[in-house]
Structure formats: C-alpha cells, structure tokens
Amino acid sequence: MSYMTVLVCVFLSVISVVLFLIIKRRADAGFLMSVCLLVFILETITFALCPIPSYYYDSVQIKALNKKNDQAIKSEVFLESLSVGEVATSFPEVMDGKWFWLNGIYCWRPASDSRQPEGCTESIVLKIPVGTERELIFHGNKWSGFVEISYDKQNDVIDLYSENSTQIRAVIHDSANRLILKNELARILTFFIIHFVIFAGAIVISKLYLHRFLLLVGYCKYEVTFFVVSMIIVIKYGLFPNNLAFASSFYVNNYDFGFVKRGLLGEIVTTISPYVSGDSLAYFKLVFSVTFYFLLSILLGRLVRHQRDEKIRWFFVLMICSFPSTYIFIPDTLRPDIYLICLFIICTIFVSKDILLWIVPILFSIILLINETSCMYIIPPVLAMLVYKFVKYKEKKYIITAVIGSLFVVFLSCIFLFRENPRLHYDDSQIVVHLQNHAGFPINYTAIAAETWTISQQIQNTATHMSLHYRTTAIFFLFLIPAFLLMGILWWTLYKKWDLRQLRTGLQKYSVWLLAMSGLPAFVVMIISVDYPRYCSFLLSTLIISAFFFIYEENVQLQFSMDLRIRKTESTILNVLPIAICIFYLLFGMFGSSSSGTLMAVKMDDFLSALLGT
Amino acid sequence: MTVRKIWRFIVPSIVYLLFFTMLSKIYFHQDKCSYEQDIMEIAINTHTIEFGKYIYDVEDPTIDFDDPFHLAQVRGWLIQPKGEFYGPADADLILASETSAYKVQMYSEKRLDVYYMDQSDPNSKDLFVGFFARFPTKQLPAGEYKVGFLIKENGEESVLWSESLLCVS
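As you go down the protein sequences, you meet chains A and B in turn.
Take 567 as the starting number for the first sequence in the numbering used here and just add one per residue.
Take 7 as the starting number for the second sequence in the numbering used here and just add one per residue.
In case anyone wonders, no lab produced these hints; they're calculated from the structure.
Built from N, CA and C at the ideal position, the CB exists for glycine as well.
Any given hint could be a false lead.
Listed next, with one range per pair, are the computed distances between beta-carbon atoms [as the list claims (entries may be wrong)]: (1) 670/A <-> 34/B: 44 to 54 Å; (2) 34/B <-> 782/A: 52 to 62 Å; (3) 877/A <-> 115/B: 51 to 61 Å; (4) 1020/A <-> 28/B: 22 to 32 Å.
In silico negatives: residues of chain B with every beta carbon more than 12 Å from chain A [said to hold, decoys possible]: (5) 19; (6) 49; (7) 146; (8) 156; (9) 165; (10) 169.
For reference, chain A alone in the conformation it holds in the complex:
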C-alpha cells in the first residue's frame, strides 16, 4: 500500500467522521471544518517536503566488466534509473566508485576511451532502498557490453547489447524478510507519529487562533474565495512547466518580416531577448496568471461590496468563479487573449473613474495590435461606456475620446485589411523556421501560417472545420445557452431596477441598451474563425465587466429571492435560476479554445455517436 493510498484513506475517514459529527450536532461545525482544512494543508506540505523514506538500504555493486559480445561495437554501460515496485524513483546515491553523467544517464566507458573523464572506476556501489520488485534500468544499444550486479553474495552478469536502443531491466533480488519487516514497521510508525503531530497541531492552532483567523478571512472572504478557486484551477489545468505550442507561438511572432497582424507581443518579447527559453516563458506565464487572478480577486471584492445584499455579493463571486470564460486562459497556457482582457479592464477603470481618458485611444491601438479581431468585441464595449457617460454627464471629453479612439481603430483596421501582408513575400515554412530560432520551445506551424491567410481562406478553413466537427459545435452552442440566459436575466434585472428610480430620457435608455449589447459583434468574428469558445468567452467577459461598470456607475442594488416563479412584478429580483446556471457550469467544466477542445462538448458528441451508431 503506497503512502498516497494511506493518506487518501485517512483523509476520507476524517471527512466522514467530521460530517457524522456535524450531522449529529455533536461538535462545532466551524471548528471541525477549520481543523480539517488545516490538516489538509499541513498534510500536503508534509507530503511535499518530507515523503516517508526507506529507513534501511542495501548495498548493490555494479561492475562494468569491459567485455562485449561479438556483435557489440564497444563495452560501455549506461545506467538510466532505479524502479521500486514498478515505480521509478530518484537515482540512488553512489556510495563508492565513480562513473560520469551523460545527458542524464550515468555512464561508464573503458579507460582506453579518451572521452572517459579522469577518476572513473570500473565498479560502483549504489544505496538501494530495502524492498521487493526492485529493478535497475539500463540503456542498451550497439555500444553496450557486459555488466555484473552483485548483491548479498549473488552475482548476475547481464549483456546490455541491443540492436536497437532500448531499456534493459535488471532485477535486484529481494531484501531479507527481516529487513523488509523492520523497514515497513518503521515507516508505519513514522507515518502515525507525523499524523498525530499534525492533528494535534491543527487542533491546538484552531483552538488558539480560529477566532482571529475567521475574523481575518471574514474581512476579505470574497477575495479569498475567488483567489483560492483560481489557484486550484491554475494548479489543476495549468500545464506548467510546459508550454502549449499553439498559444506560445504568439510570444515570438514578431515584426521581423514587417508590420503584421498580432505581432506586438512577439516584438516586445523578442526585443527584450531575441531568444525566449521555454522555462522562462513558462515561469513568466505562471507569475502572470497568479498576479492576474490576485488583482482580479481584489477588484472583484471591491465591486461586490457595492451591493448591500450579502446574497447578491456571493452570487457575483459564484458567477465569476463558475463561468467558463474566467479561466479559459489557463488550459491554453496564457494565449495573448489574457492581455486583451487586462487592457479591457484597464480601459473600463479609466472610463469609470474618469482618469487618464486621453490614454484610452492608445490602449485601443495596443489592443488592436495584439489581436486585430478585438475591434469586434473589446473596442465596442469601451466605446459604449464612453457614449453612456457622455449621455449621462454631457461632457465632451468622453465623446472626443470615443472619436479619437475610433479613428485609431479604423486606421489600423484599414492597414490590416487593405495593405499587402509583408509575409506573403516568404514561404510560411521559412517564417516558421525563423521564428522557431527565437524560441526554446516548439512553435506551431498553423498558428503562424494562419496569419497570412486571406478572409476567403479563413472561411474555407471554417467550413472544413464545421463539416468535421458540426455536432460538437452544435453541442457547444447548446451548452452556451444557459450562459446567455444568465446574462440576459442579469442585464434585464439591472435595467428594470435602474429604470424604476426616475424618469429616463430615450437617449439614456438607448445608451444603456447599447452598453448591454456592445459585445455582440463578437459573433461577426465567428464567421471567419473556428474558435467559437474563445470569442464567446470574450463576449461573456465583456458582458460581465460592462454589467459591473453599470452597477458601479448607477449604484444599482440588486435583490435576491429563493423563488423559481417568474412574475412581472418581481422582475427586479433575481431568483434561483441564475444560481442553478452557475452550478451547471461549475459541474460541467470550462471551455477550450475551440469547440472540439471543449471537453464537455466532445464527451457529449462521443455519447451521441455511440447512441446513434455513427
């Protein structure tokens, strides 16, 4: 039984006992839950920092015999790793002797070989954990010779020659039963001592500090909830330390071949360093996502506190946490979309707070240079916000900002639409070869080549994709209906609540409707692109952010009732339907970048295929 299995069993038992006590009202639920949470955190840290080791070790001697069979070219020995119980473990400690490391493999070469470093010995002694089913994994190839493994007065000679490069597993005889028993007893004893200490510590800490802790958490509970959920998503769905080739290609897609679409991010990155290593990019993405969700949690906390009703505050937190659009960047390893949303939030703050309005047109241009399609889903909501504020306050600065911003957008869009793409002077493969030289990670051919496609080529690609994935796409759009239903309910309730208070002019009403509808041009982009979930996510994000902008501007106070009936007189009160929709998305997971990358839609499609026999 592995340590992890025991850990899971202990954890489940504790949860069962705690739930039993809570149901039977024998204990304080808050206290028990805090103890459990603390135990869980401490267990995780303990497991990560000090996994229970083996207490006894065997000494195993490995001797390179400097002999080979007739077919082998040389008599080299390559030792890859050790496995115990079919689980690969860390490379064992070398107690005596010395070989050398070559690309992560511990090697021996004959002394006559000039490549052999000084001080190497023929035999080495390894410290192998006591146990059964232990295997040394060698790398066998044409250059490999004989090796002798000695343990407990037993010597096994193994020929490591292999025509093709392959792994050769050499079994180490089982340790003495007495030793195995002693080792397991020591491990179990240590396990119980560690858990006893953790439980005792958790109870003492909870007794002493629970009250203060709850006060602290209670003060920023919305922020903490959102940030914790975000971090769980980052850990579960993030691919760190790996990069997704498609998403990461945009980080090196620069202006080396001239002024092209979506080149700004790559230009900034490659100007800082022309060579971008995979590790640095992965670390940057991790740090950026944590910072992004941390700042977002602070922003969310500040926004929800404008609502007086506690239930409404929690509803907003639940909505943001459950909506698939919130975390679409994570499994995609931070495609540049996240920077568009960041810039959109910054623009919203500037317009809402009435600060640095003159910089908004520049931000429009930057948004457009990161992704030119943003003129359909990021720019219109900001323009709608400016129009709304102009109608409300009758101040010229808003409309001037909107006009200048629009001019910038039209200017850049015309360049992208009517100017010949400079990359057309090269083959796509040449461009990919060059951009690959900037990256220490694999970049995706299609991600780069698609930038030179004309609109007709894009439509052709969409048609091909649709014919292949029409059912998944249809399921995805069905899957999307509840989200739009929720957005409809939210905006309708906001509008009704706002409209109730005083007599509004027609222009004011139109400006609010313009704000509510401003993200909808995102559907236009979907004509030429197959990334429906991405654009739907943008649309949902802009609807949510615009709603927050409106709530903040008008100080609209929403109400909540646990009622399923929809009555006209109560159209200003949210009922349980929005909560149900949030839970629906919480259960069915998040979007992928394309409909065929959305797990739920793919599974439904598989299910339908099995059902229909297609």
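Got chain A sorted already, so can you dock chain B onto it with the hints?
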C-alpha cells in the same frame, strides 16, 4: 494657464508623440531580424589568452539557409578553472575575418556532457557552462570568420581563439 494645465497638456503630447514614433517605426519595420541586436561590429585590440587556461569546445558552427535571414548558430561550452574545480566563464563570442570583426552575445545553457564538470547534481547551476549564439549572416560580408571568445577577466577583456571557422557566402 496654470502649471498644472500646462503639465496636463505636455504629458499627453509627449506620450502621443512617442506612440506615433513607435507606430511608424513598426509600420516601416522591414526585414530586420531581432537577433541583429546581439551582433555588433568591433575593433579587436585586446591581447590573446595563452592556450590552456580555458577549456572549450565549439561544435561546428552552422548557417541555416532555410531561414530568410540566414541565421548562423554557434554552439558549444566554455569552462575555466575555479580552484580545484571548473566553472562557467563570462564571455561573448567573437567573429573575425581579415577585414572585419564582430562581437556576438551568447546565451547560456545547461550541459550534462562536459566531462570536466562534477555532474553528481544534475540541477547544479554550475552546469550552465554551455553556450549558443545566433545571428543573421545575410548582411555580413562574405568570407571566412575565425570564431573566438571575448573573455572578461578582472575588468579586462582578452580574446581566446578557437580552431573553428564560420564560412559566410
């Protein structure tokens, strides 16, 4: 006009000016490889290091002709003695033909195949003794370039030449 009003006018003007400069720069940006910032023409007047003080290997410099900028790559490793052991050296790459010389910035990389290094800890930072440099050769004058290292030692620069050559055609 008060100082504050002038200030409110000047700052946006400067920002917009910078923005338009940047925009026009990227608009007229044509066929310029980002790696060009890593290569710089220099005059070599430093002394040559005696052979054997540093240990190195330069692995066949290549030029990628599939790349539109004919990007060259020089890869290898360079170590220097640090007491009983060896460690990474602080250096740039030097290319010199009969007529011109260039300094190229190098990027470090981990090497697990350098025999002189203690490789018992594969995560050791000392194993970053490898290097690689990339630079466009399309604009370089044709010729045979000697490959060497511009080594910084106690604030002084000196050159260590390898036997490797890079042929730019």
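Hints, verified against the model:
One distance hint, 44 to 54 Å for the beta-carbon pair residue 670/A and residue 34/B, holds here, with the actual separation near 47 Å. Evaluation of the 52 to 62 Å hint for residue 34/B and residue 782/A yields a pass: the beta carbon distance comes to about 56 Å. Taking 51 to 61 Å as the suggested C-beta distance range, the pair residue 877/A and residue 115/B conforms, at roughly 56 Å. Checking the proposed 22 to 32 Å range against residue 1020/A and residue 28/B shows it holds: the Cβ atoms sit about 28 Å from each other.
Interface exclusion of residue 19/B from chain A breaks down, the closest Cβ pair being 10 Å apart, not more than 12 Å. For residue 49/B, the shortest C-beta to C-beta distance to chain A comes to about 24 Å, beyond the 12 Å cut-off, and the non-interface label holds. At the 12 Å boundary, the C-beta of residue 146/B stays outside the reach of chain A, the nearest C-beta of that chain being 16 Å off. Against the 12 Å criterion, residue 156/B stays outside the reach of chain A, whose nearest CB is about 19 Å from its own CB.
For residue 165/B, the requirement that its beta carbon stay farther than 12 Å from each beta carbon of chain A is met, with the minimum near 24 Å. Separation of residue 169/B from chain A is adequate, the least Cβ-Cβ distance of about 17 Å exceeding the 12 Å criterion.
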